[in-house]
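Listed in order, the protein sequences are those of chains A, B and C.
Note that the working numbering has the first sequence beginning at 1, numbered continuously upward.
Note that the working numbering has the second sequence beginning at 1001, numbered continuously upward.
Note that the working numbering has the third sequence beginning at 2001, numbered continuously upward.
Just to be clear, a hint being listed does not mean it is correct.
Heads up, incomplete: computed chain B residues facing chain C, CB under 7 angstroms, no partners named [said to hold, decoys possible]:
| # | residue |
| --- | --- |
| 1 | S1039 |
| 2 | M1072 |
| 3 | L1077 |
| 4 | F1078 |
| 5 | K1079 |
| 6 | P1081 |
| 7 | T1082 |
| 8 | I1120 |
| 9 | E1171 |
No wet-lab data here; the hints were simulated from the structure.
Glycine is no exception: its CB is placed at the ideal position from the N, C-alpha and C atoms.
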Amino acid sequence: MSRPIVIENASLYGDTTASILVEDGVITAVGEVAAPEGAVVVDATGLIALPGLVDLHTHLREPGREDAETIETGSRAASRGGWTAVFAMANTNPVADTAGVVEQVWSRGREIGLVDVFPVGAVTVGLKGEHLSEMGAMAHSKANVRLFSDDGVCVYDPVIMRRALEYVKTFDGAIVQHAQDLRLTEGSQMHEGEVSAELGLAGWPAVAEESIVARDALLAEHVGSRVHVQHLSTAGSVEIIRWAKARGISVTAEATPHHLLLTDESARTYDPLFKVNPPLRTQSDVDALRAAVADGTIDIIATDHAPHAAEDKDCEWAAASFGMLGLETALGVIQKALVDTGALTWRDVARLMSENPARIGKVDDQHGRPLAEGEPANITLVDPAAAWTVDGAQLASRASNTPYGGMELPGRAVATLLRGEPTYLSPRFEGAFA
Amino acid sequence: MTGTIMGAADISRALTRIAHEIVERNDGALDVVLLGIPSRGLPLAHRLAQRIAEIEPGFDADVATGALDITMYRDDLFKNPTRAIGTTTVPAAGIDDAVVVLVDDVFHTGRTIRAALDAIRDLGRPRAVQLATLVDRGHRELPIRADFVGKNIPTARSERVDVHVEELDGEDAVILRKGE
Amino acid sequence: MRHLLSTKDLSRDDAILILDTAAQMAATQEREVRKLPTLRGKTVVNLFFEDSTRTRISFEAAAKRLSADVINFSAKGSSVSKGESLKDTALTLQAMGADAVVVRHWASGAAYQLAHGGWLHGSVLNAGDGTHQHPTQSLLDAFTMRRHLVSDPTGADLAGLTVAIVGDVLHSRVARSNVHLLHTLGAKVVLVAPATLVPVGIEPWPCDVVHTLDQALEAYEIDALMMLRVQRERMTGGGSAFFPSPAEYTRLFGLDGDRLRRLPDHAIVMHPGPMNRGLEISAEAADSPRSVIVEQVANGVAVRMAALYLLLAGEEGAQ
């Protein structure tokens, strides 16, 4: 049995100051807490306590690209970033399109124990968009998969998409769509607009995303199913989601930290660290996404953490892989882009980065729970005054492809507890647990 | 001694004397081509040519004068900021078998003239090359000497000799300055 | 000048200095001895990731006439199959002691990456990167225009001239380079292309856009008409083709004798080569006395000599 932990004087959700008692993986008291005998007492004055963060969109690369990331290194990066659960995308090699692969990923996550790894199953066999994968088997496996996505690729065929949406109703699953019209984006390298015109990089039109978002919202309405749209990147997509929700369609949407901070202007460096799918858009898109995150049109913030080996980024823009790291920088980026600018409170952050993703991922019995007595002790402590400068080489991921290298972020997670066990402690706390 | 070493009258007299010396040395001026080294050698070459034409009626000052830009032949191109390349013009008839008189304002280390000799080699094969300079300030670094000198001015290495010409500077003067 | 990557980086004074220097270089090329000792001891590497014999030999001639040592490095590797990485190639060239790297690459931005990757100390001269820029091509175009259309060219810009560029603007590094350079030099630029071959986001470009050649001939007093090459892959690919047929392209955008005769008397016809005779330009137009296409090639050597001189002649680090 591990020792009880008292987190003293934390600011719960950035609102009220209270202490939290954790015993046997559960929060047993909140408020005025008397430390039991032998308890670890942590002074959390000035720190924000949030429910452990839940990332609905992570690439752990194992199996297949262990040179870029493994479940272990990715779990470590997640715990350092304040996450207690991550949803691992299916585009591994082999693809997570069978019960065998998702169980392997799930149990490897358990073994490592730094973060709950929930595998996302592939919608189609091999992500090829041709045949539905055995979603039922994955749903009924040990991994208990509820979210299905061909992420990296769009479920492009409207008939396949319709069938998938209908089929997952069987086990209350959802289709998580990577909205990208494949024909409109053949060879596309960056947002199609003034910057792409000047740089001579093949354009990726906003409509390639928006048309799929609109189609899938209508399909979800038609078959009465649930669709989650990943990484919204354009103002137009926001409008469509807003419209769909107003219409009562069961659609949820996510935005990534990078689409909330960076723009296509970054491509002027031709540095492939800024190459991502969907591409970084314009400032007016960023502004629309921020407004949508603040007003609830966008339900969650997810990282789309996408590690790549150095050789896949240290090359020509057009030859480079899409994607960037995100797990360790997400909190700091969100604080910089949205909290410090007054668009979000920490309460909102808890909703966007923990409660809503847990609900969409159907793990809200374990994660995204209130910081209250009787709840599992999944807790993230954030120091909003711990400014730090990002250095890709210092991150826990095996890869180092962060677009924020050299950027100062205002804050970061300083401690993460998963069911009462510290999975990450910044140096200031290591002594307390010794 | 610093300050103005030669005034307009001094310069005029020196050029007149050099013109006579050129004619005398070459038994006339029929084969003579004057190539001024930009910037200030060029107006000096034109003035010399006019004076020669006054002495030798058959000498066409315009035809026999040209410009020789030596930038691309310098041996210190990589030690100084990038220089703009000036114009090179030679008489239409070329310089083969001519007597080329190089004209420069200040004769110093000899490196400019070395570069000029290389440049001439790419333009043709003159019968002879001679050197006329308004000022010889010494400190040669190469075995090159002047044929016609307006004035020898002993200088310290650190000193500067500035030649001003009416055409570019609005006055004629040779000024010796202390080094920085 | 440390690198020559994009005409967008050039000020009016920079551009005129290059053109004036090119004029002096061109003058030396009329001499019996065309070789100059200027860049003796300097090493210029022609790094070509994309085949272009014409551009390579133009740069090779330019470097050799300035007495530089020339190493031709043909790096295989396409957008499909990656060969040796740009970084490894750059490190190799650095080890060889390249003072300047002339790079032609299929990827937009490769020259910029080579210049800013921290792998190389030498100057980088962009000889065409993807669909981005080809600065020496536009400099030789401007040089050719200035020679023909400006009465006292030395020190002059192209103010008052109207230049029409016709064809595949979307995929053209020549068009991108020319729009910025010609604008910087004071010329008016008119792009003539089917709307499928005009980039989305072109609005900030300092130029007009019209959609047929006849429209351009009517609306503008054109001093120079530049025909761009139509790449074969733009016409094929079924539903992905950018225009319905070669015949229709020729009908709307091709320069034939009739259209040639509608140009002002002094106007010149240009083409960066290689031409598709009968597609974007008829034989009559290509071979007419107004065509300066062959002269463009000769001017290319002079402009590249000027660029190499200006990049390499100064002391290291001097402006």
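Here is how each hint holds up against the structure:
no.: 1; hint: S1039; verdict: 15 angstroms, violated
no.: 2; hint: M1072; verdict: 4 angstroms, holds
no.: 3; hint: L1077; verdict: 5 angstroms, holds
no.: 4; hint: F1078; verdict: 6 angstroms, holds
no.: 5; hint: K1079; verdict: 5 angstroms, holds
no.: 6; hint: P1081; verdict: 4 angstroms, holds
no.: 7; hint: T1082; verdict: 3 angstroms, holds
no.: 8; hint: I1120; verdict: 11 angstroms, violated
no.: 9; hint: E1171; verdict: 25 angstroms, violated
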